[in-house]
Amino acid sequence: MAHPKIEIAGKFEALWKWLSGQPSLKDIDLSVVQARAEVMSLTVHSLEIQKVGSFWLTPAIVLSTEENTACFPLYKIGEDPDWVVNLGHMNRVAALWEKMEWFSPLWVAQDKIGPLLKDVMNCDRESALRQFEYHMSTIYTVGFQAVCIAQLLPKSRILAEFVPLIREAYLGFYSGSRASSIAALIPIFEGAIKRIAGAGNDAQILHEIDKVVDRAIDLAAKLHFDEQWVPSDYRELRYLFSQDERVFIFETFRRWLKSSFFQDTRKYDGLTWLNRHLFAHGMSSKWQDSANFMRLVVAISTLGVIESWHDNSNQVSLFFPVADKDGELLWQQALLRLRLQEILVLHEVNIFHQQGRLVPELPTDDGVMLRAAVLTEDCIKDVVRPLRDAGWSVDMDEPDELAMYALARAKSGEETFTVAFLYSCDSDNELYKELASKADAIVYRGPPYKQRSFAQGINVHVGPAAGWLPPRPQRSPG
Numbered sequence: 001m002a003h004p005k006i007e008i009a010g011k012f013e014a015l016w017k018w019l020s021g022q023p024s025l026k027d028i029d030l031s032v033v034q035a036r037a038e039v040m041s042l043t044v045h046s047l048e049i050q051k052v053g054s055f056w057l058t059p060a061i062v063l064s065t066e067e068n069t070a071c072f073p074l075y076k077i078g079e080d081p082d083w084v085v086n087l088g089h090m091n092r093v094a095a096l097w098e099k100m101e102w103f104s105p106l107w108v109a110q111d112k113i114g115p116l117l118k119d120v121m122n123c124d125r126e127s128a129l130r131q132f133e134y135h136m137s138t139i140y141t142v143g144f145q146a147v148c149i150a151q152l153l154p155k156s157r158i159l160a161e162f163v164p165l166i167r168e169a170y171l172g173f174y175s176g177s178r179a180s181s182i183a184a185l186i187p188i189f190e191g192a193i194k195r196i197a198g199a200g201n202d203a204q205i206l207h208e209i210d211k212v213v214d215r216a217i218d219l220a221a222k223l224h225f226d227e228q229w230v231p232s233d234y235r236e237l238r239y240l241f242s243q244d245e246r247v248f249i250f251e252t253f254r255r256w257l258k259s260s261f262f263q264d265t266r267k268y269d270g271l272t273w274l275n276r277h278l279f280a281h282g283m284s285s286k287w288q289d290s291a292n293f294m295r296l297v298v299a300i301s302t303l304g305v306i307e308s309w310h311d312n313s314n315q316v317s318l319f320f321p322v323a324d325k326d327g328e329l330l331w332q333q334a335l336l337r338l339r340l341q342e343i344l345v346l347h348e349v350n351i352f353h354q355q356g357r358l359v360p361e362l363p364t365d366d367g368v369m370l371r372a373a374v375l376t377e378d379c380i381k382d383v384v385r386p387l388r389d390a391g392w393s394v395d396m397d398e399p400d401e402l403a404m405y406a407l408a409r410a411k412s413g414e415e416t417f418t419v420a421f422l423y424s425c426d427s428d429n430e431l432y433k434e435l436a437s438k439a440d441a442i443v444y445r446g447p448p449y450k451q452r453s454f455a456q457g458i459n460v461h462v463g464p465a466a467g468w469l470p471p472r473p474q475r476s477p478g
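Each residue of the sequence shown is one higher than the one before, counting from 1 in the working numbering.
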């Protein structure tokens with residue numbers, strides 16, 4: 001004897017087969033449908049046309065019986081004009097996320113996503129990545145990452161084991177060990193995905209990704225229709241990709257894993273270089289970019305959500321939690337390390353500067369941002385303010401792209417005076433010559449260091465900014 005659920009599902013399937021053979025369901029007489037259902041021994045409690053589903057709705061004939069409710073869509077897949085329009089829109093959105101080498105994110109409000117998508121719509125991939133980092137750096141903050149690590153991941157069946165490692169990488173990253181912290185997180189994905197899927201170490205990772213994400217999407221499909229019976233085609237990715245935001249997020253995450261993170265090295269053409277195989281085989285060191293750390297923390301946390309939907313456990317929530325004591329304390333640890341790192345870096349800069357050198361570049365830090373900040377602050381103190389005190393009106397340019405110098409342009413009436421402010425005395429002679437053609441004086445941070453050698457052949461004033469007295473305007477303006 002057939003199980004009641006199987007038996008009723010078989011009757012719904014038969015009724016759907018009959019309905020599918022009708023010329024059109026939009027104008028069908030519901031009394032005819034009811035009569036057909038009763039012939040099939042279905043006890044009809046109610047029969048009406050409704051829009052069903054979550055997020056974007058599907059117009060359907062909804063038939064309720066004692067055992068269950070069935071939804072028979074009015075349109076065949078591909079024939080609903082609203083679905084076609086929405087699919088086109090979601091495909092375009094997915095393409096924008098692919099351009100940024102990312103996926104549709106959880107835990108980010110639409111009023112934050114909208115401006116980002118607008119900004120990347122008509123730009124190239126390199127510009128799109130810059131826009132991504134600009135927008136998402138204000139969302140995936142130090143505090144956001146702390147909540148992911150301290151509050152979301154410990155609830156994961158598989159990823160909880162990695163929390164101490166992820167926590168250490170997080171604190172290490174904000175202590176200055178950026179490249180090693182990024183390197184610590186990259187290998188987590190493969191083992192975690194295989195364990196979520198219940199697969200062995202020899203399993204093919206791309207196959208296991210499909211198993212895990214497909215099962216998560218299956219649960220989302222059931223919930224999309226509130227576990228009511230619908231034809232199987234309408235519970236599949238092809239239909240729900242544009243109808244259910246959860247399915248869209250899960251699928252774009254799958255695409256990121258397969259086409260970017262686990263992409264074959266011969267086919268990978270991305271710009272983040274966040275690729276498991278490039279990392280493992282040492283084919284590039286560009287994965288060390290600092291922005292990849294926030295990407296990895298968020299991607300691992302998203303995998304925790306996928307695991308919860310794969311397991312139907314609801315352990316790692318779709319809703320981002322308010323920071324609790326665990327999240328706040330981890331965040332405060334990171335902030336303390338950032339403050340200590342700032343003191344340490346400035347001390348290093350001073351030590352190297354005394355020897356006429358720049359601090360050597362690191363894979364995750366070329367030193368430009370710090371030099372620019374120091375150069376700007378010292379230029380205001382040692383050049384701009386003395387010029388203003390001497391009676392000039394002063395405009396200061398931004399530092400050059402390497403933060404080796406900045407120009408201060410002084411004006412009094414028709415009279416002008418330009419000062420080049422160098423980061424260090426030991427700058428290349430070619431740079432001195434370039435600045436001598438632009439400026440009336442060249443001054444530099446710190447004490448002299450082999451000035452005669454570096455500034456050889458320069459016929460404008462060259463000297464340390466400390467104690468430098470700028471000339472006064474020959475006559476007051478006006």
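Since the hints were derived computationally from the structure, they do not count as laboratory data.
Some clues are possibly wrong.
As the list claims (entries may be wrong) - With a cut-off of at most 25 Å between alpha-carbon atoms, the simulated SDA-like pairs for lysine to any residue come out as follows:
{"no.": "1", "residue 1": "Lys211", "residue 2": "Ser177"}
{"no.": "2", "residue 1": "Lys381", "residue 2": "Lys286"}
{"no.": "3", "residue 1": "Lys433", "residue 2": "Val345"}
{"no.": "4", "residue 1": "Lys17", "residue 2": "Asp29"}
{"no.": "5", "residue 1": "Lys222", "residue 2": "Glu168"}
{"no.": "6", "residue 1": "Lys26", "residue 2": "Ala109"}
{"no.": "7", "residue 1": "Lys433", "residue 2": "Glu401"}
{"no.": "8", "residue 1": "Lys450", "residue 2": "Pro473"}
{"no.": "9", "residue 1": "Lys286", "residue 2": "His461"}
{"no.": "10", "residue 1": "Lys325", "residue 2": "Arg357"}
{"no.": "11", "residue 1": "Lys433", "residue 2": "Pro471"}
{"no.": "12", "residue 1": "Lys381", "residue 2": "Arg337"}
{"no.": "13", "residue 1": "Lys286", "residue 2": "Leu165"}
{"no.": "14", "residue 1": "Lys99", "residue 2": "Asp27"}
{"no.": "15", "residue 1": "Lys267", "residue 2": "Glu236"}
{"no.": "16", "residue 1": "Lys286", "residue 2": "Gln354"}
{"no.": "17", "residue 1": "Lys438", "residue 2": "Asp400"}
{"no.": "18", "residue 1": "Lys51", "residue 2": "Met90"}
{"no.": "19", "residue 1": "Lys222", "residue 2": "Arg357"}
{"no.": "20", "residue 1": "Lys17", "residue 2": "Asp27"}
{"no.": "21", "residue 1": "Lys118", "residue 2": "Lys155"}
{"no.": "22", "residue 1": "Lys118", "residue 2": "Asp29"}
Now the hints, each set against the structure:
A distance of roughly 35 Å separates the Cα atoms of Lys211 and Ser177; the hinted pair therefore is violated under the 25 Å criterion. For the proposed pair Lys381 and Lys286, the alpha carbon gap of about 37 Å is over 25 Å, so the pair is violated. Between the alpha carbons of Lys433 and Val345 the distance comes to roughly 31 Å, so the proposed pair goes past 25 Å and is violated. Taking the CA atoms of Lys17 and Asp29, the gap is near 17 Å; set against the 25 Å cutoff, the hint holds.
Distance hint between Lys222 and Glu168 is unfulfilled; the C-alpha atoms sit about 38 Å from each other, more than 25 Å. For the given pair, Lys26 sits about 36 Å from Ala109 by alpha-carbon distance, which is inconsistent with the 25 Å threshold. For the proposed pair Lys433 and Glu401, the alpha carbon gap of about 18 Å is at most 25 Å, so the pair holds. Between Lys450 and Pro473, the direct Cα distance comes to roughly 31 Å. Violation of the 25 Å bound is thereby established for this hinted pair.
The hinted pair formed by Lys286 and His461 fails the criterion: a straight-line CA distance of about 42 Å is larger than 25 Å. With a C-alpha separation of about 44 Å, the suggested pairing of Lys325 with Arg357 is violated against the 25 Å cut-off. For the hint linking Lys433 to Pro471, the alpha-carbon distance of about 22 Å falls within 25 Å, and the restraint holds. Of the supplied pair hints, the one linking Lys381 and Arg337 is violated, its CA atoms being roughly 28 Å apart against a limit of 25 Å.
The straight-line distance between the Cα atoms of Lys286 and Leu165 is roughly 22 Å, inside the 25 Å bound, and the hint therefore holds. Proximity of Lys99 to Asp27 is assessed by CA-CA distance (about 43 Å); at most 25 Å being required, the pair is judged violated. Between Lys267 and Glu236 the alpha-carbon distance is near 28 Å, which puts this suggested pair outside the 25 Å criterion. About 31 Å separates the Cα atoms of Lys286 and Gln354, which puts this hinted pair outside 25 Å; it is violated.
With a C-alpha separation of about 14 Å, the suggested pair Lys438 and Asp400 falls inside the 25 Å cut-off, and the hint holds. For the given pair, Lys51 sits about 20 Å from Met90 by alpha-carbon distance, which is consistent with the 25 Å threshold. At roughly 64 Å between alpha-carbon atoms, Lys222 and Arg357 are farther apart than 25 Å, so this suggested pair is violated. Simply put, Lys17 and Asp27 have alpha-carbon atoms about 17 Å apart, close enough for the 25 Å limit, and the pair holds.
Only pairs whose Cα atoms come within 25 Å are accepted, and Lys118 paired with Lys155 is rejected, the gap being roughly 35 Å. Distance restraint check for Lys118 and Asp29: the Cα-Cα separation of roughly 45 Å exceeds the 25 Å cut-off, and the hinted pair is therefore not satisfied.
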